[in-house]
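J.: The lines below spell out each chain.
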Amino acid sequence: MTNVRVAGVGLTHFGRHPERTSRDLFAEAGLAALDDAGVERGDVDGVYYGNFMGALAEHQGHQGPLAAEALGVDAPATRYESACASSGVALRQAVRDVRNGEEDVLVVGGAERMNNLETAESTEALAIAADELYEVRAGVTFPGAYAMMANAYFAEFGGTHEDLAHIAVKNHANAVGNDHAQYQREITVEDVLESPPVAEPLNLYDACPVTDGASAVVLVSEDYADDHGLDAPVAVTGTGQGGDKMALQDRDDMATSPAATKAAEEAYADADVTAADVDVAEVHDCFTVAEVLAVESLGLFETGEGIGAAREGTTTRDGDVPVNLSGGLKAKGHPVGATGTSQIAELTSLLRGDHHNSEYVADADVAVAHNAGGTVASAVVHVLEVAE
Amino acid sequence: MTDASVRNAGYDDFIDALADSEGYYLECENGHGSLPPRRVCPHCGSRELVETALSEVGEIDSYTVVHVAAPSFADDAPYAVAVADFGGVRLTGQIQSDLDAVENGRTVAAHVGESETTGDRLLTFELR
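Protein sequences appear in the order of chains W and E. Residue 239 in numbering that gives the first Met the number 0 sits at position 240 of the first sequence, and the numbers go up by one each step. Residue 95 in numbering that gives the first Met the number 0 sits at position 96 of the second sequence, and the numbers go up by one each step.
Since the hints were derived computationally from the structure, they do not count as laboratory data. Ideal Cβ placement from N, Cα and C applies to all residues, glycine included. Take the hints with a grain of salt, since some may be wrong.
[Unchecked claim] Cβ-Cβ distance ranges computed for the label pairs, FRET-style:
#, chain 1, residue 1, chain 2, residue 2, range
1, E, Asp97, W, Ala361, 52 to 58 angstroms
2, W, Lys244, E, His110, 52 to 58 angstroms
3, W, Glu161, E, Glu125, 31 to 37 angstroms
4, E, Thr51, W, Glu155, 26 to 32 angstroms
[To be verified] Distance condition first, Cα-Cα at most 25 angstroms in a straight line; then the derived DMTMM-like pairs of lysine to aspartate or glutamate:
#, chain 1, residue 1, chain 2, residue 2
5, W, Lys244, E, Asp12
6, W, Lys244, W, Glu123
7, W, Lys261, W, Asp319
8, W, Lys244, E, Glu50
9, W, Lys244, W, Glu155
10, W, Lys261, W, Glu301
11, W, Lys244, E, Glu47
12, W, Lys261, W, Glu304
13, W, Lys261, W, Glu155
14, W, Lys261, W, Asp278
15, W, Lys244, E, Glu26
16, W, Lys244, E, Asp11
17, W, Lys244, E, Asp84
18, W, Lys261, W, Asp364
19, W, Lys244, E, Asp97
20, W, Lys244, W, Glu301
21, W, Lys244, E, Asp60
22, W, Lys244, E, Glu28
23, W, Lys261, W, Asp271
Use the sequences and the hints to build the structure in full.
T.: Right, here's the structure in full:
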């Protein structure tokens, strides 16, 4: 088994770009990643591409080959779809294929175009990540499903909307200075609590925005990096994936995310680290409550204790374990199919020391990425480490 | 687009039965409940599924009041959706009135109602 290095990363601006096609968004991110890596396009063995709703938003299926040709790459290309975890699962497959010695150089990324739809249409498109027959037909929206999880969490473990608001405030503060972020401005707890209700107890400022954007990373085998003299100090040392029942009604508990717990345990064991070794994390905060479930599943907090993390300052940039130094999905934005590999791009920059928030994690060696699909019926976790 | 006149076998049979006040769920020999169409119990893989009568009432496990709806429910908002425990199985349903009275633990009965926006039928809960 060979080790896997992140040779390069690339991101577009995340925000409102309704006129830009996903193929163009991905071209910008993928070419940036290839340039960052210093890898020739002719060496690319494959393109693994995450996209969720292109069939609805752009009337475009079969996006894999479009993604490859957008980079000028003549190699097999496949689109991966696991809702909001689409590029996370693409990355997992790529890590395994490089490790197994099947491939030496892979471009992994994702893109999503969402703002060419009206808000109501994008709400409907996102809802297809839930169970159509038993959830969507009863009127469950995506925010509505997470709102039920928040209500269940409060009932089981306690906590308040104000606790959740601190997560949004923290992530907005982290996005200030991130040129890729949709919202580079600070907000207050009052802003969150006074914003319009979406699905009680969640308000507009508990939710990530609708975002257009793309991300990409170049994964290479350690041998390829050595042979070509690449500067690739960050390694992907652990990968894990978990699954759960699609509909909330079929789960034992709505106040936890066991699929992510399983993914984290597998990824930590794979990397031979524990939660206590984690210095910095990027987690899937599509709604404020999702960050609570994530940090608990990652073992950074005991079950029922993640709710106070942001308010108490443990996960702020000056805290013990900074979470979402990019701004997270909440402030950086959430172009659904691009989110998983954008987390890897952010963590790689943080560990390399070229991120706008690197000063807060100057001694960091171990980073973890948590990417979730639907109401965490899919979860994928990766461990990144400074290898040299 | 899908042809709305084509039924979803299993699901629409379940909704028909619920509309006739003869609701049921699928129960395996280990007592797990699920909703059709199923060929195995999603919890234990048992293939021995029988139709078991749905309890007349259930209890709300969690709920939310939806203010921002999808286009297909635009005229229905605000409304509540809840997951309720009916003993052997849990159902997800919409509560269309008396939203201030909705709370965890509240007793509900399951019915089939319709969307104000589209006229489509849907699983509803009546507060008891």
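J.: For every hint, state whether the structure bears it out.
T.: Status of the hints after comparison with the structure:
Between Asp97(E) and Ala361(W) the C-beta distance comes to about 56 angstroms, which sits within the given range of 52 to 58 angstroms. The supplied range of 52 to 58 angstroms is broken by Lys244(W) and His110(E), whose beta-carbon atoms lie about 25 angstroms from each other. Hint check: Glu161(W) to Glu125(E), Cβ distance near 33 angstroms, so the stated range 31 to 37 angstroms holds. Taken as a hint, the range 26 to 32 angstroms holds for the pair Thr51(E) and Glu155(W), whose Cβ atoms sit roughly 28 angstroms apart.
For the proposed pair Lys244(W) and Asp12(E), the alpha carbon gap of about 22 angstroms is at most 25 angstroms, so the pair holds. Pair hint Lys244(W) plus Glu123(W) holds up; C-alpha atoms about 21 angstroms apart against a cutoff of 25 angstroms. Between Lys261(W) and Asp319(W) the CA atoms are separated by roughly 24 angstroms; this keeps the pair inside 25 angstroms, and the hint holds. For the proposed pair Lys244(W) and Glu50(E), the alpha carbon gap of about 21 angstroms is at most 25 angstroms, so the pair holds.
Under the criterion of a C-alpha separation no larger than 25 angstroms, the hint pairing Lys244(W) with Glu155(W) is consistent with the structure, at around 20 angstroms. Taking the CA atoms of Lys261(W) and Glu301(W), the gap is near 15 angstroms; set against the 25 angstroms cutoff, the hint holds. Annotation: proposed proximity of Lys244(W) to Glu47(E) holds, straight-line Cα distance about 20 angstroms (limit 25 angstroms). Distance hint between Lys261(W) and Glu304(W) is fulfilled; the C-alpha atoms sit about 19 angstroms from each other, no more than 25 angstroms.
A C-alpha spacing of about 21 angstroms is found between Lys261(W) and Glu155(W), which places the hinted pair at or below 25 angstroms, so the restraint holds. Taken as a hint, the Lys261(W) and Asp278(W) pair is honoured in the structure, with Cα atoms around 20 angstroms apart against an allowance of 25 angstroms. For the hint linking Lys244(W) to Glu26(E), the alpha-carbon distance of about 17 angstroms falls within 25 angstroms, and the restraint holds. Between Lys244(W) and Asp11(E) the alpha-carbon distance is near 21 angstroms, which keeps this suggested pair within the 25 angstroms criterion.
Taking the CA atoms of Lys244(W) and Asp84(E), the gap is about 16 angstroms. The hint holds against a cut of 25 angstroms. For a cut-off of 25 angstroms, the pair hint linking Lys261(W) to Asp364(W) stands: about 23 angstroms separates their Cα positions. About 31 angstroms separates the Cα atoms of Lys244(W) and Asp97(E), which puts this hinted pair outside 25 angstroms; it is violated. Taking the CA atoms of Lys244(W) and Glu301(W), the gap is near 23 angstroms; set against the 25 angstroms cutoff, the hint holds.
Proximity of Lys244(W) to Asp60(E) is assessed by CA-CA distance (about 17 angstroms); at most 25 angstroms being required, the pair is judged to hold. At roughly 20 angstroms between alpha-carbon atoms, Lys244(W) and Glu28(E) fall within 25 angstroms of each other, so this suggested pair holds. A threshold of 25 angstroms between alpha carbons decides the hint, and for Lys261(W) with Asp271(W) the separation of about 15 angstroms falls inside it, so the pair holds.
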